[in-house]
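I would like the entire structure built from these sequences, with the hints used as guidance.
Going line by line, the protein sequences match chains S and W. Read in order, the letters of the first sequence correspond to residues 374 to 509 in this note's numbering. Read in order, the letters of the second sequence correspond to residues 352 to 674 in this note's numbering.
There's no promise every hint is true.
Straight-line distance between alpha carbons at most 27 Å, and here's what the computed DSS-like set of lysine-lysine pairs gives [said to hold, decoys possible]: (1) LYS545(W) - LYS461(W); (2) LYS379(S) - LYS481(S); (3) LYS516(W) - LYS545(W); (4) LYS379(S) - LYS461(W); (5) LYS481(S) - LYS461(W); (6) LYS379(S) - LYS545(W); (7) LYS515(W) - LYS545(W); (8) LYS452(S) - LYS436(S); (9) LYS516(W) - LYS461(W).
Derived contacts from chain S toward chain W, CB cut-off under 8 Å, selection only [stated by the list, open to error]: (10) PRO380; (11) LEU385; (12) TYR409; (13) LEU429; (14) SER430; (15) ASP454; (16) CYS467; (17) LEU493; (18) GLU494.
Quick caveat, the hints were computed from the structure, so don't treat them as lab data. Yeah, the Cβ is synthetic: ideal placement off N, Cα and C, and Gly gets one too.
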Amino acid sequence: METERKPHPEQLHYATVLHWSTLAGFIMLVATFVAYVFSWLPSYVPLERLPQLWGLSTSEYLKATGIPTGWSWLFMMGKGDFASQLGIAILSGCSIACILAIMPVYAKNRNTTYLVICALEIAVLLVSAAGVFSTH
Amino acid sequence: MREKPVRNRRKFHFLLWLLPVAILMMVLPAEAANAAAASADATAWWVWPLALFVVCFFLGMIAVPAGVGGGVLFVPIVGSFFPFHMDFVRGAGLLVAMASALAAGPSLLKNGMASLRLAMPLALAASISSIAGAMLGLALPANIVQISLGVTILGIAALMIAAKKSEFPHIAQPDTLSAALGIHGVFRDGVTGKDIAWQVHRTPAGLALFLIIGFLGGLFGVGAGWANVPGLNLLMGVPLKLAAGSSSMILSMASSSATWYYLNNGAILPIIAVPSVIGMMIGARIGAHLLTILKASAIRRLVIVILLFAGVRTMLKGLGFWI
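What follows is the structure, given as C-alpha cells:
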C-alpha cells in the first residue's frame, strides 16, 4: 500500500484547472446576471412577465415564450436572459475541461485504465452537453 | 467543573431558539413575496429572486456544518414555498449542488482530502444514471415528482438519524477491482496530525450503488452528498473525511451531466438559478465559520428537523392537501 501522502500529479493538475475554470464561470455568472436584472441588456422574455410564466412546466414555458432549446441561446447573447446562461454553461463545462487536462498525464504514465475512464466520462458529458437526449 | 454543563445548556437553548428561526427564515421570505406579488403590480417580479437569495443564504449557512449539500435542502423548501414549477426548481437545485461542489474541489484535491482515483470510476457510473434520472424527472407529472421527492426527503432524514459513521474503517484486504484501479493512498488527519493509510473494498457494489445515487440526484435535482458519504464510508470503507471530500468531486461530475440535460431542455431559468447559487455560496462561507462556534452534530439535528418538515410539506403539496 502507498505510504507517500502527496497527491498524484494528475490530481494537482485537475485542481489547478478546476480552480481557474470555476472562477471564470462564477465571474461570468454574476456579471451577466447583473446586466440582465438591471436591464443593461434587453431581455427576450420581459422580466415583468416572468411571474406569470415560471409556474408553468418546461414544455408549457417554452411554448408560451417561443424560446428555442439546445445551443440556440449561444446565438442570442445580446439578450440578458441568454447571456446569463453563459456562466451556467461554463460551470457545467468545468469537469470536461479538467478531465481533458489530465488525460495527457495518464497517457504519459501509460495508465490506460484511467485514460479509458476519462474518455468515457468525457463522452457521457459531451453527449449530454450536445443535447443528444433533448426532448424539445 | 460546573462550567461545561452550563455551556452545553446555553448551546441547547441557542439551538432551541434557532430551530423556529430557521424554519421562519425559510418560510417568511417566500410568504412575504407571495403577499407582495398578490398586492403589487407586475413590477413585483424582483421580490422573488430577492427572497430566494435570502432563503439560500440561510440554507448555505446550515448545509455546510450539517455535512449535506445545498441541493437536498433547496429543492424541497423552494419547491414547497415558492411559486416556481418543480422543473425549474430541480434545474436550479442541480446547479446549486454542482456549483458548491466545484467551488470546494480545488482545495480538497490539493490538500489530499479528496481522491480523484476513487472519484473518477464512481462519478462515471453516477454521470450516466443521472442523465437517465433527469430525463425521467422532466417527463413525469409534477405532482408525482413532488410525492416521490417528499418520500425521498423523509428517507434521507431517516438515513441521517440511523446511519452510523466510521471515522477510520479498517480494511484488511482491498478487493481485486480497487487494487487494479490503484484506489488507495495516504491522507493527513487535520485533528490528530497523523498520516492515515487507506484502501477500499466492495468496489463493484459501490459502482452499483452510485448508479442508483446518480439516478436519484438527476431525478430530483437534489445532488447526492447525503448518499455519497455513507456509501463511500460504510460500504466501501473510505475514511470519513476523505469520503466527504471525494463525494464533492463525484457530485461535481455527476451533477454536470444532468445539468446539461436540464439546460438543453430549457429547464434552467437564470432568474431562479443564479440568486440561489450566489446566496448559497455566501451562506456556505458563513456556515464554515459557524462550525467553530456550534457543534456540527447539533446543526445536523436542526437539519434533520427541517428535512422532516420540508419532506412532509412536499409530499402533502404533491397530494394536493397543502397547496
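Pair hint outcome, LYS545(W) versus LYS461(W) [Cα-Cα no greater than 27 Å]: holds (17 Å)
Given pair status - LYS461(W), LYS516(W), alpha carbons within 27 Å: holds (25 Å)
For the pair supplied as a hint, LYS516(W) and LYS545(W), confirm whether the alpha-carbon distance does not exceed 27 Å. Distance of about 19 Å is within 27 Å: holds.
Holds or violated: are the alpha carbons of LYS452(S) and LYS436(S) at most 27 Å from each other? Roughly 19 Å between the alpha carbons, so the hint for LYS452(S) and LYS436(S) holds.
Measuring from the C-beta of SER430(S) to each C-beta in chain W, is the shortest one below 8 Å? Cβ of SER430(S) sits 5 Å from chain W, so the hint holds.
Holds or violated: the hint that LEU493(S) contacts chain W, with Cβ atoms closer than 8 Å. holds (6 Å)
Interface hint status, TYR409(S) versus chain W (Cβ within 8 Å): This interface hint holds because 6 Å falls under the 8 Å limit.
Would you mind confirming whether the straight-line C-alpha gap from LYS515(W) to LYS545(W) stays at or under 27 Å? holds (23 Å)
Min Cβ distance, GLU494(S) to chain W: is it shorter than 8 Å? With Cβ-Cβ at 5 Å, under 8 Å, it holds.
Min Cβ distance, ASP454(S) to chain W: is it shorter than 8 Å? Holds, about 6 Å.
For LYS379(S) and LYS545(W), compute the direct alpha-carbon distance and say whether it is at most 27 Å. Cα-Cα ~14 Å, so holds.
Need the status of pair LYS379(S), LYS461(W): alpha-carbon distance at most 27 Å? Cα-Cα ~9 Å, so holds.
In summary, this structure violates none of the numbered hints.
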